[in-house]
Every structure is written in C-alpha cells, then in structure tokens.
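Heads up: the sequence lines are chains A and B, in that order.
Using this note's numbering, you'd call the opening residue of the first sequence number 1 and step up by one each time.
Using this note's numbering, you'd call the opening residue of the second sequence number 1 and step up by one each time.
No wet-lab data here; the hints were simulated from the structure.
One should not assume that every hint holds.
Partial list, derived from the structure: chain B residues whose beta carbon lies under 10 Å from chain A [stated by the list, open to error]:
hint: 1; residue: His62
hint: 2; residue: Ile255
hint: 3; residue: Glu260
Remember, it's a predicted structure, so these values are computed and weren't measured experimentally.
Cβ coordinates follow ideal geometry from the N, Cα and C atoms, glycine included.
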Amino acid sequence: MKKTAVRIYMGLIYIFLYAPIILLIVFSFNKSKSRGQWGGFTFDWYLEVFKDRQIKEALFYTILVAVLATVISTIVGTIAAIGIHNFKRFPKAFSLNVNNLPVLNPDIVTGVSLMTLFISTSIPLGFGTMLIAHIVFCIPYVILAVLPKLKQLNRHLAEAAMDLGATPWVALRKVILPEITPGIISGALLAFTLSIDDFVISFFTAGTEATNLSILIYSMAKRGVKPSINALSTMLFIVVVTLLLIVNKKSEKGEELYL
Amino acid sequence: MKKKNPSMNSSASDHHHYKKHAPTSTRYLRVLGYPYVIWMVIFIIVPLLLVLIYSFTKGDIHNLFSLEFSADGYLRVLEPMYLKVIMNSFWLALISTFFCLILGYPVAMIIANTNPKYRSILLTFLLVPMWMNFLLRTYAWMSILSPNGILNRFLEWIGLPRLEIMPGQTAVLLGMIYNFLPFMILPIYTVLSKIDKNLLEASSDLGGNKFVTFIKVIFPLSIPGVVSGITMVFMPAVSTFVISGLLGGDKTPLIGDLIEQQFMTNRNWHFGSSLSIILMVMILISMAIMSRIERNNDREEGRTS
Chain A
1 MKKTAVRIYM
11 GLIYIFLYAP
21 IILLIVFSFN
31 KSKSRGQWGG
41 FTFDWYLEVF
51 KDRQIKEALF
61 YTILVAVLAT
71 VISTIVGTIA
81 AIGIHNFKRF
91 PKAFSLNVNN
101 LPVLNPDIVT
111 GVSLMTLFIS
121 TSIPLGFGTM
131 LIAHIVFCIP
141 YVILAVLPKL
151 KQLNRHLAEA
161 AMDLGATPWV
171 ALRKVILPEI
181 TPGIISGALL
191 AFTLSIDDFV
201 ISFFTAGTEA
211 TNLSILIYSM
221 AKRGVKPSIN
231 ALSTMLFIVV
241 VTLLLIVNKK
251 SEKGEELYL
Chain B
1 MKKKNPSMNS
11 SASDHHHYKK
21 HAPTSTRYLR
31 VLGYPYVIWM
41 VIFIIVPLLL
51 VLIYSFTKGD
61 IHNLFSLEFS
71 ADGYLRVLEP
81 MYLKVIMNSF
91 WLALISTFFC
101 LILGYPVAMI
111 IANTNPKYRS
121 ILLTFLLVPM
131 WMNFLLRTYA
141 WMSILSPNGI
151 LNRFLEWIGL
161 PRLEIMPGQT
171 AVLLGMIYNF
181 LPFMILPIYT
191 VLSKIDKNLL
201 EASSDLGGNK
211 FVTFIKVIFP
221 LSIPGVVSGI
231 TMVFMPAVST
241 FVISGLLGGD
251 KTPLIGDLIE
261 QQFMTNRNWH
271 FGSSLSIILM
281 VMILISMAIM
291 SRIERNNDRE
301 EGRTS
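The following block holds chain B by itself, in its conformation from the complex (with noise of 0.2 Å):
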C-alpha cells in the first residue's frame, strides 16, 4: 500500500512537516460513522435475523437457543385458507393501486399545467388532508359508510337504495384509495412540472396531435414518476391492517391482520413471523418487477433519442 503512490506519500508527508497534527483528507470523518454501524446492526440486522430465525423453527419463543427447526409455519401458509387471505391481499392491494393511478394521473397533469402561481395552493391542499391523524381519517369513512352512516341516509333521502359495503372489501378499497391518492399525485408531479415545454412544442410542430403527444411524449417521460407513485401506493397497502381492521371488519381480513393477530393475540410468532417474511419477498420482487419496467424504459428512451 505504501508503495502504490509515491507522489500522493510524499506530498502527505510534506504537509506534516508544516502541520504536525492536521489530517489532510476528510477521510478520518469516516469514524463518525462507526458508531451508527454498531446501532444498526443492534437495531436493524439482528431483529430482522430474529424473525428469519422464528419463520423456521418452533419451541419456546422466550429461550432462543432450546428452538428447533421446523417448516411449520410456512406450511401453513400454504392452507387454503391462509392462501387465500394471501392472494386477496396482493389483488386488493393491486386494485388500489390501479384506481389510484387512473384517478391521480389526471390530477397530476392539471396541477402541473396550472398556472404557477396557484400551483403551490392546490399542492397544499393535496397534503394538508394528511395532517388529521390516519386512523381519524379512516374512521371518519366508518361514519360515512356503515349501514346506518351518512351515505345510506342521504340515498335514503333521495330515494335511491342502500348501499351494504361497510364491513367489506369494497369499504378497503375505497379506504385505501383515499389514504394513499396523494402519494400517486406528487410523483407523477414533480415529473411532470420537469417536462421540457419545447418538447411538446416540437411534438405539435411535426404534427402530433393532443393524444399523440400524450402517448408518445408525456407518458414516457413521467414513467419514473408512475413507478415511484406505484411504489409509494402499493407497499402500505398490502401490508395495512388498519384499513381493512376498521372498514373491512372480520369478514376479508389480509396479510398485515394476520400478522397483526399472530403476534399481539395469538401469540404465534413462529406462524406470524413466517407471514412477515413472506410479506416482505412479496415487496421485493414487486420493487425489482417496477426498477425492471423503470429500467427497460431508460434504454428504450436512449433508443429513440
């Protein structure tokens, strides 16, 4: 190592013949970062160690090293009827998503085509909704949709029949789409307030209609936005156990009330820790699928440009 660099050597050695205690680099900052290291492995690693290790053994979940191995819970994943929970989960999940992205996208595009000056008040108000507490918010929707809430009354009031979705799956869907529009909404924004306007000049120029333009310039490019919004909706929503714990009541429950279950009432933390890690390959490979279609958007870009 000393060898490698002569002249890097010599002119450190240089500066300690001025200064005899002064560094030269940044580098020795890099001790400040040791400490956090250590928290991290404390605080991060090992617990998530622990839950990998609970996923695969049964045994007394308070003396760790009298645990054995065994498949259990995952087998019992694979129940139908924990499948089915599973499977119900990613698709509402799914679902809400896709509403989010047809219902956001719009919005998105009218913000990022107002007029600046009001730009940043229809922002505001996008955001300002997420500082009544979550859970208040969700519980308002109770009051809206139960059987004796606000919505069948005034359908009542009109003459129109009532609507039975609160407890059910369309009561978490709607809840979900309403916890996570906005953050459909800020991603695909801030790509499209970023769009080059002369772009789309050019576009008109050679002839491209509204539509064409659309589908040919302006939803490529806010691709990364459209990945991040998607991202951003579908990761809280297949895991939630609020939403569907509150608007869903007994009836659909999901992976995240599973877990929830396991771990605070029935105190299987074997079987929940299994569910937890299965959760979490479910995120990965659906952030790998999304950095993929974020990725093969890049090239195809560099391709026709």
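With the rest of the complex left out, here is chain A (with noise of 0.2 Å):
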C-alpha cells in the first residue's frame, strides 16, 4: 500500500518533469508548424536545422564561447586559486569575499552590471563582451572547484619536492598540479554547463550582433518557435542523454557521480 502510494507520488513528479521535454521532441516530427496541431509525421525539421543560417549561426556562436570560456576560466581560475590560497589571512578572505559575488549575485545583476561597464566605456558589444562576460562569471567556480582541493593537499610535499631541489615551476607541474587535477576537471564541466546554458548574461552582454541559441530562442518565443529549433535541441538533448548514460553505466560502481 505504502510502496504504491510512493510510486504513484515519484511517477507524477517524474511526468511533471519530463512532459514539456517529451512535448517538445513531439512536436520536432510535426508536419504543422502551428504548436499544438498534429499534422502528421515528418523528418524536415531535422534537415531544416542544418539548412537554416540564423539557427547555424547561433549555435556556432553557443559552441564557441563554451569552449573558450571554458578553456580560459579554467586555466585562469586555477592559477588564481594556487596564488589565492597562499595569500595571506585577510587578502584571502577579501578576495574569496569578491570572488563569491558574481556567484551569490543574480544573473540578472550581473548582467546589468557588465553591460554598464561596456557601455559607459563605449565598448561595443558583441561576441568579444559576450565572452568576456561568460569568462568572469565562469573563473569563480573554477575557483570553489579547486580551493577544496589546494587545502587537502598537504603542504610540506611541495617544501619537499624543493628542498630535494625541484625549481618551484617544476614543483607547482609534478606535485602540485596532479593532486589538484580532479578539482580542475570538475570545475571546467562547470564552466562547460553554465555557459553553454546561459541566456540572462548574454542577453545583457552580446548586443545585436552575436546571438547564441538562447538568445534565439528568447526572440522567437513570442511569436512562436521554429519547429526546427525543437529538432535541434531534441538531438543536442539525445547526444546529452546518452552521454550522461555511458559515464553512468561505467560509474556505476563508483560511489557519487554528482558532487
């Protein structure tokens, strides 16, 4: 009774969960581009996506500034970690404090925020603003990614690794580097996943003339969107899918996959 009850309860909020997604992917093989008419089966959409320039183009511009923003917060937050971790007592907390804000702050203030910066120095904006804009707020999670890991890591294995006369660029590659690594990794997928899914701060940040798929989405979604958007994002969401699914098969007898 009670176990029925319990599946009864996780199946409705899994349904709730799921039904826009199922809705979505629905409508991508709708012959009728109006939503909520069946007109019968169709691929076009699917082909329509590799045809459509604005629709190309918005996701080249999603792709590329992920991966830059990712590349580059990652390699900056992480140096930025090393030397904040061995600042002293008040700069740390000073720092940390500053660092935190883009994350506590909402997206909306940082946009708003940024835009005023670039504005009232009469940067234009574009795709170079727009990246900017994802670099800032993706370095402080590199950072919390990788703090945890600097303070488990014990500090007399570096002093060590000198003192057997290791130059301290060799000690900071071979000792410290390695230890620190899955700190970095889990930050850079962080970086990876909030930028490629950000709209608010690129809204703020990209202008007219650099617009990623959110962005696109966001113009269009009054009027109604393309179904071609909905096959898009139905095979992105498959890609996804069964990624998560391959490193969850494998994990599967490791511990946490999340966290």
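The two chains are supplied separately, each in an independent frame; assemble them into the complex guided by the hints.
Right, here's the structure in full:
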C-alpha cells in the first residue's frame, strides 16, 4: 500500500518534469507548423536545421563561447586559485568574498552591471563582450572547485620537492597540479555547463551582433519558435542523455556521480 | 619582523646555504593570484560600483563626470505601482519556494531510502531535463497552458471546464516550480543520504514511531540541506524575468521584468540601477536570515546532544 503510494508520487513528479520535454520532442516531428496542432509525421525539421543560417550561426556562437570560456576560465581560475590559496589571511578572505559575488548575485544583476561597464566605457557589445562576460562568471566556479583540493594538499609536499632540488615551477607542475586535477576537471565541467546554458548574462552583454541559441529562442518565443529549433534541441538532448547514461553505467560501482 | 622569529630565520638561511635559488615555502605562489585580483577589480567591483553610482544619480549615462546626485530612482521605486511589483515578486518567489519544499522534500527522502542500485538512475533522471534548454522548456509550458493549448483541449475532451491560467500568476508560479524543483531536491537529498542509519534505529529502539523519528531526528538533521535548497530556489525565482515574461504576459511583471525594461527598452539606467540595488539588498537580507536559521539550528543541536 505504502509502496504503491510512493511509486505513484514519484511517477507524477517525473511526469511533471518530463511532460514539456516529451512535448518538444513530439513536436519536432510534427508536419504542422503551429504548436498544439498535430499534422502528421515528418523528418523535415531535422533537415531544416542544417540549412537554416540563423540557427547554424547561433549554434556556432553558443559552442564557440562555451569552449573558449571554459578553456580560459579553467586556466585562469586554476592559476588564481593557487595564488589566492597562498595569500595572507586578510587578502585571502577579501579576494574570496569578491570572487563569490558573481556566484551569489542574481544573473540579472551580473548581466546588467557588465553591460553598464561596457557601454559606459564605449566598448561595442558583441561576441567579445559576451565572451568576457562568460569568463567573468565562470572563473569563480572554477576557483570554488579547485580551492578545496588545494586545502587537502599537504603543504610540505611541495616544500619537500623543492628541498630535493626541484625549482618552484617544477614543484608546481609535478607535485601540486597532479594532486588538484580532479578539482580542475569538475571546475571545467561546471564552467562549460553554465556557459552553454546561459541566457540572462548573454542577453545583456551580446548586443545585436552575436546571437546564441538561448537569445534566438527568446526572441522567437513570443511569436512562436521554429520547429527546427525543437529538432536541434532534441538532437543535442539525445547526445547529452546518451553520454550521461554511458558515464552512469561506467561509474555504477564508483559511489557518487554528482557533487 | 626579522627578529621576531629567529629560529625560523636561521633555518631559512640554512637552506639558502645549501641551495641558492629555491625558496622553501609555497608562499611565493601568491604572485599567481595578483593578476586575478586586478581582473576582479575591473570586472566585478567596478561594474557593481557603476550600478551603485547610477542608482544615486541622474544625467547622461555616457558621461560619468556630468552625473548629478539624485534620489529619483529610489523615490520612483516607492510609487505604489512599482512597490506592488516588488512585493509581488517577493511573494511569488516565496510561494514557489514553499511548493518546491513541500513537493521536493518527499522526493529527496524517497530517493535517499531507495536501494543504492537504483539511486543513481533516479538522480540522473532528475538532472536530465536540465539539459534541455531552459527557455525551450518554458516555451513548452506555453504550448501546454495557453488558452488553446494542450491542457485545455484535454479538459474539453473529458468534459471539464477550461482553465484560463496563462498568461497570469498561476502560470508563472507553475513555471518557477517546474524550473527550480531539482534545485530543492538535490541539496536535501545530499544531506539525507549522509544521515547515520544507527540514529534512526536508536530512535525506534527508544520507542519513537516513524513520525516522531522524522520530527525529532531526520528533519532537524536535514536543515542545512533545506536551507541551501531554499536559497537555490528563492534566488533565481525572485530575480527571473524570462518565466514571467513568457508565462505571465504583461499583466504581472516582476522586478526582473522592470530591470530588463529599464536597461533594454526604456534606457533609464538610473531607475534600472536603483531596482537592481534593491533586488541585491532583498537577496542579501534573505540570505542573512537563512544563515541565521542554520546557525540557530546548529546551536540547538549542540545543546541537545
């Protein structure tokens, strides 16, 4: 009895979470252009994706910004984390508090404040400003992912390496970096996820020059989104779900996958 | 400084005796942090200061030096029309957080009590929807809830009256709960899954039934998860402009919609900045309250144990 109740409850919650997604996937095969009207099965929208210049361009910008922002913020964030970890007490507390601001502030405030900076210094909004904005909000997450690993690191390890004749650079590369790699990887994954999914901050910093997928969808939403966007998202979604399931299968014996 | 710690100094000079260049502590690595400090000043502190300056001034936004002090932005916030919007945003965010907690806590508990074999599958499928673009998911709700949408057609088909909830507050609320529910479930699950099972056994050995065990043992221990869940839902809910823009129409703007309008269409940065500062302060106060609740909880636990 209790078991059935639990099953029904979980079923309802998961239906609630998946209903809109199933709907989007179904409508990516819909012949009729209007949402809510079923006009027969078609694959046309999937072919349309590869012809539509607007969509291809938005996809290109989304991926380019995400890759560049991830690479740059991971490198800069890791270096900064190593530096901040070795700061004296007060500068360390201060830097970490400032670093937390983009994490704690609502996205809209971060977006608006960066837009204010760019426009009041007469920097034209476009691809460059969007990229900078993404790096600005990604670095703090990389730092927050790397710092705990640095705290676990045995301080004497690097010192021992240097006592044994390693130069500081070699000690950093051969002793510190390998130890904090898990933190760097989870920081990079976090940065990529946040960047590829971002709408609010891009919306305020991209101007009219560069449009990513989220901005394109937002501009279409009130008039009606092209079914080819549904098709593209379905493809991306299936790729991600497949990857997640593979990772899940592989790490089934390893305890936690998230956090 | 030099004389304060002679033993340290002598050991350091000993080392220098052996090797001339290598320093003996990782302190030198602090230089790696300096460029980022400059970056933070330019891209985090200065932008927020600019917003603060614009919120207290009037005049040409492109010429910082021509700005004059003015409290107009904040005075305008006090107009009944805008006050209502702010109260409404706060209220909607509060209700959606409440529903996420009510709906999400049982889910977290059920997952935590599931056989570990199936746990990671349940968790993965909780996160998978987040991999569909957030705007597109909200857009899908538009096609479900709109006057001629799927929900209404279904209701008509089974002979029930139509629901006119979109555009409107109910639709916005639903959109918020839908989008932020996983943010409530995950932190609560994380805490619940770490509770020592012996505590629950002890409670039942001492005569506590399931309800008492929940109220006296499980719930107090899960407060940190609940607190971070509430923060993670409330913050994006109170500052959203996408969900309200798509599902709420023009009837029920939230503070996020106002800010977006002032910066993107009305070009009144001064009023927009005042609204942003007020939003920030609202969130800071809420976070302070939450961390106080958590601290009180810690203290109480310390007293009883």
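Results of checking the hints against the structure:
{"no.": "1", "hint": "His62", "verdict": "holds (7 Å)"}
{"no.": "2", "hint": "Ile255", "verdict": "holds (9 Å)"}
{"no.": "3", "hint": "Glu260", "verdict": "holds (7 Å)"}
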